[in-house]
Every structure is written in C-alpha cells, then in structure tokens.
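**Student:** From first to last, the protein sequence lines are chains D and Y.
Counting from 1, position 100 in the first sequence corresponds to residue 97 in the numbering used here; the numbering is continuous, with no gaps.
Counting from 1, position 43 in the second sequence corresponds to residue 1432 in the numbering used here; the numbering is continuous, with no gaps.
These aren't lab readings, by the way, just hints derived from the structure by calculation.
One should not assume that every hint holds.
Below, a sample of chain Y positions facing chain D; criterion: calculated Cβ distance under 8 Å [to be verified]:
hint	residue
1	Pro1400
2	Gly1429
3	Ser1444
4	Leu1462
5	His1466
6	Val1468
7	Gln1476
8	Ser1480
Predicted model, so just to flag it, every value in this text is computed and none were measured.
Virtual Cβ for every residue (Gly too), placed ideally from N, Cα, C.
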Amino acid sequence: MLTIVFDADGLIKLARAGILERVASLIHCITSQQVYNETMRGKEKMYEDAFIIDALVEKGSIEVKRIKPTEGLLGLGLGERSALALFNKIQGDAIISDDRKFLAVLETVDIPFIIPTDLIAMLAVHKKLQKTEAIKALEVLRPFVREENYTAASELIGGD
Amino acid sequence: METVAYPLRVPTEIIALAKLRAKEEYVDQSTALRQLLYLGAEEYILSLTETGRISVGRGAELLKTSVQDIYRLAEKHGVRLGATQEQRKKSLATTKKIGEKPLP
C-alpha cells in the first residue's frame, strides 16, 4: 500500500473536496501530531474540514505520529517541518501538499510530492474515483488552488 | 494574542481613520488602530504566502490564526495560493510514478 505523508494543506483540501475518506481507504495516510493540531484549530471556527479530519483520525483511517520537527527551515511552520521529519523517518512514497514554500523546500531535498488536484486526477484515471466525483471534487477546490493546476487536472480526467 | 508596548508616531490621517472605525465598529480607538494594523499584516502575510516566501502554516502561526482562516482570507482577497507550474510538473511526474503501484 502506498504511504503518503500529509501536511495541513493536503488534509484540508482533500477533506473539502469530499474525498479524504476515499483516499484513506486506498492509501496509508499518515501525518504528524503538529499537523493534526494545526488542522484542529479550524474546529474553533466551525470549519467542516476540521471535523472530517478529526473523525477519520478517530476512526484510525489517518495515522497521527509524534515526531520532532526538522530544525532550521526558515519560512515553514511547525506543521510542515514536522511533516518533513516524518517523511524522512518513515521513508514514505510522497508528501501531499499544495503549499508553494513547502514544495520549494521539498524540491531542494529531492522529496517526491503530489499536489491535491493531481491526486484527484490520478484516482480518476485509475478508476478509483468516478469521473463525475473527481470533477465535482476539483470544482470544490477551484477557489483554493491556482487556476492552471485546476485546469491541468481537469484536462487529465477528461473534464472541461 | 500577546501584545507589547511599542513607541510609534502615527500619521494624523491614520488616527482620524481609527476614530472613524472606532465609532463604526463600537470599539475604542486603540483597538481600532490595532485592527487596522492587523488588516495590513493579513495582506502582507498573504502576499508572502502567494509568492512562496513563507508557507501557509507559517503565515497562520504569525497571525495567530488557523490554516483554514488563511484560505478564507485568500479567497476574500481573490488570491490563489498553490504550486507553481514547475512544481506541478514535478507533482505530475511523481503521480505517474506512484500510479504504477497497484491500489487496493
């Protein structure tokens, strides 16, 4: 089974897209305690994605690990630094994130990453998501991602 | 949010704005001034995040808010945060590589 490490961006976007549960049933989803805590701050303001993430962690579909964050990375938050440390420790397959700064750091240390819109497209291409579900998920994410990334993923699954 | 006292000369026009905001928002003048400062900080954090100088998580830490709030702010200001075209190409390469592994 694929093992993917999530930062807050990856968890929140896939929860909003309504496919995090499906992803967790297909992929070993793992995150750090700091990322989990970061996303849970959203509960104070009743962001639905925070409740979805919490329920999946409670159910054991998303694994949460305690880890010491990587030090000395300017411009990254505790969550991203701990996700990086977690990836290095468990040697997962990739990190899911759409955070420009975080991805730039991952590029410098040659860590593979996937942006949420590409993951949705990949699941649709492999018929793990119906085309209509994938298109709907991308539509939900559209206001939160760069238009070019939305369009590219949409084209991959044969949408408009 | 933790605060510190800081000596500052403020343009009279900004004080006038703070007075106006204080009346409209039913807050005292100092609070109105802090709110204006915070609004400026929010925009600045968004621009740093958009250009990839800081991450969304770091932005949320600096504003003492949640990651979800940063997205809400970005949406409000019409700012799209996310991977660059180059990063997307790398993401796609990883997706293709990983896609070769069987999914249950």
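**Student:** Could you tell me which of the hints above the structure violates, numbers in ascending order?
**Tutor:** 1, 2, 4, 5 and 6
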